[in-house]
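Chain by chain, the residues:
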Amino acid sequence: MSSFHSFYGFLDMGGYAPFVWPAYAVTFTVMGLNIYWAKRLLRRARQAARRRIAVQEETHLAGPTEEPSV
Amino acid sequence: MSDSTLKGENVHLWRGERHVLRGVHFSVSAGQCLQLTGPNGAGKTTLLRTVCCLSYPEEGRISWRGADVRADLPAFHAQLAYLGHEPPLKMELTARENLQYWVGVRRRLSQAAVDASLDRVGATRWADRPVRTLSAGQKRRAALAGLTLMRVPLWLLDEPTTNLDTEGQRLVGRLIDEHLAEGGLAIAAVHHELTVSAQGLRRLELQL
Amino acid sequence: MAWTWFHRLASPPHIYRTAGRLTPWLAWPAALLIVAGLIGGLYLAPPDYQQGDGYRIMYVHAPSAWLSLMVYTIMAVAGGIGLIWRMKVAHAVAAASAPIGASFTLATLVTGSLWGKPMWGTYWAWDPRLTSELILFFMYLGYMGLRAAFEDVQRADRISAVLAVVGLVDVPIVHYSVVWWNSLHQGPSVMYLGKPTMPPSMLVPLLIMFLGFTLFFGAVLMMRLRGEVLLRERTATWVREAIRT
Amino acid sequence: MNEIAAQAPTEPLLMSQSRHAPSSLAVARLMLLRDLKLASRKASQLVQPLAFFAIVITLFPLAVTPELPKLRHIAPGVVWAAALLSSLLALEFLFRDDAQDGTLEQYALSGRSLTGLLVAKTAAHWLLTGLPLALMAPLAGAALGIPNAALPGVLASVTVGTVTLSLIGAVGAALTLGVRRAGALLSLLTLPLEIPVLIFGARAMKLAIAAQPYGAPLTLLAGLAVLGVTLAPLAVSAAVRINLE
Chain A
2 MSSFHSFYGF LDMGGYAPFV WPAYAVTFTV MGLNIYWAKR LLRRARQAAR RRIAVQEETH
62 LAGPTEEPSV
Chain B
6 MSDSTLKGEN VHLWRGERHV LRGVHFSVSA GQCLQLTGPN GAGKTTLLRT VCCLSYPEEG
66 RISWRGADVR ADLPAFHAQL AYLGHEPPLK MELTARENLQ YWVGVRRRLS QAAVDASLDR
126 VGATRWADRP VRTLSAGQKR RAALAGLTLM RVPLWLLDEP TTNLDTEGQR LVGRLIDEHL
186 AEGGLAIAAV HHELTVSAQG LRRLELQL
Chain C
2 MAWTWFHRLA SPPHIYRTAG RLTPWLAWPA ALLIVAGLIG GLYLAPPDYQ QGDGYRIMYV
62 HAPSAWLSLM VYTIMAVAGG IGLIWRMKVA HAVAAASAPI GASFTLATLV TGSLWGKPMW
122 GTYWAWDPRL TSELILFFMY LGYMGLRAAF EDVQRADRIS AVLAVVGLVD VPIVHYSVVW
182 WNSLHQGPSV MYLGKPTMPP SMLVPLLIMF LGFTLFFGAV LMMRLRGEVL LRERTATWVR
242 EAIRT
Chain D
403 MNEIAAQAPT EPLLMSQSRH APSSLAVARL MLLRDLKLAS RKASQLVQPL AFFAIVITLF
463 PLAVTPELPK LRHIAPGVVW AAALLSSLLA LEFLFRDDAQ DGTLEQYALS GRSLTGLLVA
523 KTAAHWLLTG LPLALMAPLA GAALGIPNAA LPGVLASVTV GTVTLSLIGA VGAALTLGVR
583 RAGALLSLLT LPLEIPVLIF GARAMKLAIA AQPYGAPLTL LAGLAVLGVT LAPLAVSAAV
643 RINLE
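So the protein sequences, as listed, match chains A, B, C and D.
Numbered as in this note's numbering, the first sequence ends at 71 without a single skipped number.
Numbered as in this note's numbering, the second sequence ends at 213 without a single skipped number.
Numbered as in this note's numbering, the third sequence ends at 246 without a single skipped number.
Numbered as in this note's numbering, the fourth sequence ends at 647 without a single skipped number.
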């Protein structure tokens, strides 16, 4: 079934190893970074929301603002 | 026109993290002037810009003659004049040229009408000088000439008396009074009380 | 009215929760498919009669290229929807997509050039596809640069949406003009196995990879989308509940 | 003090647009005249992009070779790249001045079609920067060794091409209206979109130099201009409105 006769042959990629493996490495690095960045974004957004809510609760305790109207 | 009423209902607007307009209500009818007061940063300018639809409120509704202004924005804009902090003038053009290009896109202007409006604000003597050479007060007067020249019912004025001498401040009051007498309406953000006759004056105080 | 369910569906809390729930359902199939594609593409598929084993770069290059274009389209369409219906969630989708698309465009360029070296004898040839891809990368950079230039998220959303829509109109024009340009200069163009009769042992892993990459994009998009939705909410009480966990 | 006694207003308040409003064409004409008059009062702004164009052209004989046959070979690329860069330089003051002194806001609130007004402004911009550039291009071409017989082709391609450059540039200028130091961002946004113009324009010039019919690329350039005229104004007015917020 396999197209390679040995594990070494697989690693060698028929002589194309210096191109094939870096290409896969780059792609999977990009994928890994994407996951990392996404998690970081979510974490930061949560922190920002927490800060914002804290500030809002503080100002709320200071006294609700009057609804201005005519 | 009794139905010429501008109404704002429950207007909310945020600027980034700041909740600037927090449920503002107002109503101005023909012959009335609404004077907006409040400390710096309370949202006077923001409210004016929201009323003329330069800013988009996240909640609430602004209606003119009973209909939401966003239903037909060009028609609404054709009936309002907005004067911001700075007189909207090109420095390289003369006051007269400025009026031609500024008001000229709204209505056909006769020479006589332009002259009359310039005369009304005492601008005749320097109307043909480049705006760059005018004083801040003179620029303000040129902007006021544009305002009267538009002949629209709804005036939105942001600090209309800035840079004007006492005489100029009284001129603003008189212009508004005349405008109201003709059935126009006005909203003005001010720091100093306008010299407007009391019966048409209403007040809205915005808080920080 | 049909609109009520639509609005409920597009409401930030609903999207936030759904995106969270959907993430594993996209991520795990994506992982399985990509592993299957890797085995199929790197190990099981036979070598190409012309390119030997070098063609195996295709299994990451082609799906990356597909993502780079698909994501730009999604970004522009979402931006357009956000612009017309003033939907924050649509803008959040656009904002979440841009860095993913840009990174896969970069991956396409790098893998393409790594593929080019054994095929053309040089890392970079002005091949029409690679050139278009490079221009697309610049467009992503411009989009993200424009976004970053505005402090107010709302304005950044709306302004960058205009750019994305303009770009979407322009991308095909750029592509065809570049292909036209290339046809005049007889450039090397043997990148793709354009043969319609790719044997199934080669084709199936490729299709699996396409699907895997697409699902991977979906999973990352869902994660980013939750963050972007949170960034666009100011006072909503649901945020309190959401960030407690 | 001036006599400013209360005088009865001569005409009633205009309660609707109706018959007092000038026609759209008259408005566009007014806007065009305004921009031409403004430009005539600060001519240095007009001369600078042209001088820039001339300098960029001058760099190539110095950097590459003064031999005309060799220069002729790269002339289309040089002329077009220089045209792209100098049109970019001229964009800075397309909307920015009007936005800063508040006149743009007044036009947005005039009740007239902002799109129409901005088309007029863009037309003025082309007349003031694109057309002079096109008129200078044959001079630059001659200096780079393009035979006299090919100069009409040079003129035609740059004339048609700069229309699209002005339109795409207007989109870029409108997008970056609210950005402080927008120079680099502006080029990152507009140059990728302008690549088809570069390709078709340089091709037309190359054919003209080779004394071959250049109608096909010129038609494609004209097609781009038509597409630009129909779509770009919509993007420009959307972007300007968002940036005025």
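Mixed in with the good hints there might be a few duds.
Derived DMTMM-like pairs: lysine to aspartate or glutamate, alpha-carbon spacing no greater than 20 Å straight-line [to be verified]:
1. D:Lys444 <-> B:Glu97
2. D:Lys439 <-> B:Glu63
3. B:Lys144 <-> D:Glu647
4. B:Lys144 <-> B:Glu97
5. D:Lys444 <-> B:Glu63
6. B:Lys144 <-> D:Glu469
7. C:Lys118 <-> A:Asp13
8. B:Lys144 <-> B:Glu64
Sample of chain C residues with no beta-carbon within 10 Å of chain D, all distances over it, derived [claimed, not checked]:
9. Thr24
10. Thr123
11. Tyr124
12. Gly146
13. Arg159
14. Trp182
No wet-lab data here; the hints were simulated from the structure.
Remember, predicted model here, so these are calculated numbers, not experimental data.
Just so you know, even glycine gets a beta-carbon here, dropped at the ideal spot from N, CA and C.
Which hints from the list above does the structure break, by number from lowest to highest?
-> 2, 3, 5, 6, 8, 12, 13, 14
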